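Whole structure, please, built from the sequences with the hints as guidance.
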Amino acid sequence: MAKPHDDDSFQELEALIRSAGDAMQASGDLRPRVLEAARQRRDCLSFQGLLRQAAILLLVGGMLSAVVAEPWERASDREAAALSRGERHPFSDATSARDPGWSMVESFTDLRRRQANLLRFDL
Amino acid sequence: MAEPNDFTSRMRETADRLAAHGVDALGALFDLTARRLVRFAAAITKHQQDAEDVVQAALLRLVHEPALLASTQCPWAYLLRMVRNEALATLRRNQRKNAVNQVGDFILVFPVDEAERAESQLAVWKAIRSLPAEQAEVVVLKIWENLTFAEIGHVLDASLNTVASRYKYAMAKLAKSLANINHEAYHG
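Chains Z and C, in that order, give the protein sequences.
Sequential numbering of the first sequence, starting at 1, is according to my numbering.
Sequential numbering of the second sequence, starting at 1001, is according to my numbering.
Be careful, since some hints might not be right.
What the simulated footprint calls covered on chain C by chain Z, stretch by stretch (three residues with Cβ under 8 Å from a Cβ of chain Z suffice, anywhere in the stretch; the number is not a length) [as the list claims (entries may be wrong)]:
hint	segment
1	1035 to 1042
2	1153 to 1160
Just a sample of chain C residues kept apart from chain Z, beta carbon distances all over 12 Å, derived [said to hold, decoys possible]:
hint	residue
3	1006
4	1010
5	1020
6	1060
7	1070
8	1074
9	1085
Keep in mind that the hints were calculated from the coordinates and are not lab data.
Predicted model only: the values in this text are computed from it and were never measured.
We put the beta carbon where it would ideally sit given N, CA and C, even for glycine.
Pasting the structure below:
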């Protein structure tokens, strides 16, 4: 055989090597294996994305409710203080004047209902 | 050369389709490139199963970034580089002590009625498997992928001179290993 560094022998050697290039085959199950793994990974990534979005929504929702609820909590604190001093609630039923205990319950119930309605509309 | 240009344009189309349709287009990419990628990876890892795992890992990375190939100037070179990086990592991780002169776990298909040609092709694979990974990959890219030394340097992130030098050393070793092969078996 010619010297290894001779270009002609390289050409022959290259031809020999080239002829063996198509001999190697992938396993028959490689294609379905790869595609199945790819689908699973895609589905996993989608689920992770949904989880991240849900976490962000919860965080934003929590922050919003804290911001909206704060003035109402202060108002309810003032009204609760007024109730505890025995002041008449502007929305209390006239008949409840006969029973101060019920008057306080009704006033508090009205207050909480009013707060819930406003919070619902705002969100 | 017509074939590389045709392959290059098909590679570009497939990369664009992968960017547009994601995993649903991965099958097309597999059909176009898998055999060649496994061949390239096997030259580095020296084992068929490792080579297939490498190719699977590289293709699965595209699930995270389906537009990755389409965004590159040469998708095929980029994909070869991805496979190479995975293959080298696998080689380092495994460090098997199996005899590299055997090709028992390679899936090689030969023409049924051409025993002599089969024998020479088997010898070629044995010889390539015995090369160091850095030489084997240059031989594969030069001869089977028809890349120029400059293109190979781009894939391997090596200089043209380094690539050419590795190729010459590799061919010298292969010439010695394959000295007894009947060259008429593949000329015919």
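Tested hints:
1. 1035 to 1042: Coverage by chain Z holds here, the residue count being 4 at a Cβ distance below 8 Å.
2. 1153 to 1160: That given contact is violated, which follows from only 0 residues of the segment 1153 to 1160 of chain C lying within Cβ reach (below 8 Å) of chain Z.
3. 1006: Residue 1006(C) is indeed farther than 12 Å from all Cβ atoms of chain Z, at 17 Å.
4. 1010: holds (18 Å)
5. 1020: holds (15 Å)
6. 1060: About 6 Å separates residue 1060(C) from the closest Cβ of chain Z, which leaves it inside 12 Å; violated.
7. 1070: holds (17 Å)
8. 1074: About 21 Å separates residue 1074(C) from the closest Cβ of chain Z, which puts it past 12 Å; holds.
9. 1085: Residue 1085(C) is indeed farther than 12 Å from all Cβ atoms of chain Z, at 18 Å.
Hint violations for this structure: numbers 2 and 6, all remaining hints satisfied.
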